[in-house]
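Chain by chain, the residues:
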Amino acid sequence: MAGGGAAQAPTRGPEAFLHPIRKYDLLIQPDAGNPPCGRVLSIPQKASPPDVFPSKSTASHRSKAIRKENMSNRSSRIRLAGVAIAAAISVAALAGCSSPATSSGSASASCEPSKGKVTLQYWNTVPGMDQVVAVWNKKHPDVQVQIKNISNDQYGTLGNALKAGKAPELAQVGYDELPDLRTQDAFVDASACKAAVAAKSKFVPWTWSQTSFGGTGVFAYPQDTGPMALYVRTDLFAKYGVQIPKTWDEYAAAAQKLHAADPNLSITYFDPNNAEWFNGLLWQNSADMYSYSGGKWHVTVDNDKGKQVADYWQKLIDEKLVRTDLASGSTPANAAFEQNQLATYIGAAWGYSGFRDNNPDLAGKWSIVQMPTWGSDPASGDWGGSSVAFMKGNKHLYESVEFNTWLNTDPDALALENKLGGLYPAALAGSKLPALSQGVPYYNNEKIFDVFAESSKNIDTSFTWGPTQKTVNLALQDAMAKATAGSGTLSDALTAAQAAALKSMKDLDISAVAGN
Amino acid sequence: MTEFATRAPRVVAAAEGRRRRNGGPRGGVILAFVAPFLLPFLLFYVVPVAYAVWQSFLVVRRSSGQYGVPYTTFGGFEQYVQVMQNTEFWASIGRVALFGIVQVPVMLFIALAMALLLDTPLLKIKSFFRITAFMPYAVPGVIAAIMWSFLYSPQFSPIVDALQAIGLQPDFLGPAGVLWSTANISTWLWTGYNMLILFSALQAIPQEIYEAAKLDGASNWVIAWQIKVPMITPSIVLTTVFSIIGTLQLYAEPAVLRQISSNISSTFTPNMVAYAVASGNNYQQAAAISVVIAVITFVLSFAFMRLTSRKAGL
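As given, the protein sequences belong to chains C and U, one line each in that order. Going left to right, the first sequence walks through residues 1 to 516 as this note's numbering numbers them. Going left to right, the second sequence walks through residues 1 to 314 as this note's numbering numbers them.
The set of hints was computed from the structure by calculation and includes no laboratory data. Note that CB positions come from ideal geometry on N, CA and C, so glycine has one too. Possibly wrong hints are sitting among the right ones.
What the hints assert, rightly or not - Mimicking EDC-like on lysine to aspartate or glutamate, the simulated pairs with C-alpha atoms at most 20 Å apart in a straight line are:
(1) K503/C with E78/U
(2) K320/C with D171/U
(3) K506/C with E78/U
(4) K305/C with D460/C
(5) K457/C with D318/C
To be verified - Which bits of chain C does chain U cover? Going by a derived footprint, with three or more residues having C-beta under 8 Å, they are:
(6) 274 to 288
(7) 390 to 400
(8) 484 to 494
Make a model of the complete structure from these sequences and hints.
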């Protein structure tokens, strides 16, 4: 740059960006022959950006003394920075490392009544649960329960609390996340409490199998379930003269007929971002994905029965008989139902209030029947449902078991949970609730809960979830989304999920092999 | 002028020497002034970053049993090897790079044009336009994404209706279009902010230059492109660097659009990859991913600044 060091000013701070013009940047020279009024000869084409990162060239224009002082300032600053960073890293390092545990955290803890007043923390996501807890708190002044809603990032919150050692005594955990949390050593075994062991007889068998991890301990109580069924728009089926399907073959045939009769009508929608729903369909076909033997997990996410389900839905998608642009429970989906664009909905027991609340105009047009089956035998799957788990570090097991037993088997508590939170109880006493024995006005006064109770009986008890279910669900969703966008098939999605399962288990040092 | 140059540093040196001898600002006073910043900075910025870097060198191991009890132990560069082999991660880097190469120049060009327009005497209601151009920045990113998701939705969008009325079939949320729909949201959000930075830089240009240029017979167009723009190059560099950094950290807009479009995977942007891995409880690998993202961001920003400073003839 012309003028060399003359135009160099000492290093500038951030304000340089707002005031880029310095007097010396312009070369104004008096014109020799003309009056001395300064004539702009040239303006630099681009103003030089100020030195945010001062280069060594600026130092070369200064005297040695300045350079030395700058060096010593810089080196002392560097030293200071180095000390700070070293301190920070050592603080972080002390916090970061943990040593191998000497004993299994899920070992059975003792079950003695605590002395004095006890406060239990219960974290959950069900609306209205605070009112249920208030009923308990009134009757039990010595065992008070504090409830916290963690609907926003339920499992992230629990995972962080566990890492910080500040987990609550009780927390709501979905059945499909129980093994995932168990691999984070999240639970404590309440088998030492007689009441906990005795509770087995109070629940639907497959739910107890899930929460006891196949009968190996009492880690949680089942709270609610989501037995699946087929919601049918009887008016549309009647209008186009189509029989309500009982098998999946009949369902595909009905899809053809309905779409041919009305191009705007599809039999249902396929949401690729709902792995939980798809897992329910896999469950119906007994497409078992995980088992444990010989000290290893055996991963079979891409088993043949799963592929049978995937190929079936891929065919419906290819023939454009199902919508793929709607997300479960979204406003566009509700609008599509309202506008008679969808004839059925494959949903769970807790879904009945969705139509009642979002589509009041469709009252009386719905009926709920058993899901279509693969063969002649009745079979069903579960979508959703949660348990209430005893979390690690629980020092009041006796009181926690007391509260958990009341919460999930007491008829009054169950009735309130059903009314306020829409829960379909996992307890056997739940099927005898008055609310669940009556007809539901929205559904033509049909006794829809009898259908769900029947469905619950046909749920495969041996279906197991995987220890990295969250990651596998995400991978499955991503791959299914690619399939609905046209690249790959749903069968490929299961293959991708299988690979994701094996990799995620390897990353967390869980020994796993593919295949049975 | 050279005389001035060699004299000035010596004067400065002498002044500093004098100050030292009089025992100027003591270390304690300096610390007292800087502490209110330094303490939270160390606690909430330096320590978490150091913690993340440390975590990225750990691996998860497990005691025996079907579930076992997990613990962490030093694993060297194992997590980084995993990150290098993670095809989804590099695909996401490629995706935001493509996003950045298109969106950043487009946005900055619009911001520059708006700033230049605001700077002319032509515009009568300057403050009104300045405020309305800046207003999108006041909308939180998530809210903006929700709002735009309605404008993109085939069922609800008046824009889609209007385009369909003239025979077009826009697919804002389709596999090809969803990246650019996200770019549109980012542009809408940040153009006003960048325009304001560039406009402030334009305000700092002394009026004498315009007078001199006018004397030379320069038209408004020439003044705009050959005087104003070169004079605010540092600000343009600044906004570009900020935009590069922001693009690499893209998260809120795709995460919201993911709720209504199945064409946004859980690994759409690098930050989403880190988040997905963390939600799978592999915090150590998520830390490694975050460190790699930070390094890439640093390298790109630094390279860009080097490139522009070299081009400016320094």
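Under a C-beta cut-off of less than 8 Å, do 3 or more residues of the region 274 to 288 of chain C approach chain U closely enough to confirm the stated coverage?
violated (count 0)
8 Å C-beta criterion, at least three residues: is the region 484 to 494 of chain C covered by chain U
Contact hint for the region 484 to 494 of chain C vs chain U: holds, 4 residues under 8 Å.
With a Cβ-Cβ cutoff of 8 Å, does the region 390 to 400 of chain C contain at least three residues near chain U?
Our answer is that it is violated, as 0 residues pass the Cβ test (under 8 Å) against chain U, missing three.
Keeping to a limit of 20 Å between CA atoms, is the pair of K503/C and E78/U held or broken?
14 Å, holds
Is the hinted pair K305/C and D460/C satisfied, with a Cα-Cα distance of at most 20 Å?
14 Å, holds
Take the C-alpha atoms of K320/C and D171/U, compute the straight-line distance between them, and say whether it is at most 20 Å.
Answer holds: K320/C to D171/U is near 18 Å, not above 20 Å.
With the threshold set at 20 Å, check whether the alpha-carbon distance from K506/C to E78/U stays at or below it.
Between K506/C and E78/U the Cα gap is close to 13 Å, so the pair holds against 20 Å.
Take a quick look at whether K457/C and D318/C sit within 20 Å of each other, Cα to Cα.
The hint is violated at about 34 Å.
Consistency note: the structure conflicts with the earlier hints numbered 5, 6 and 7.
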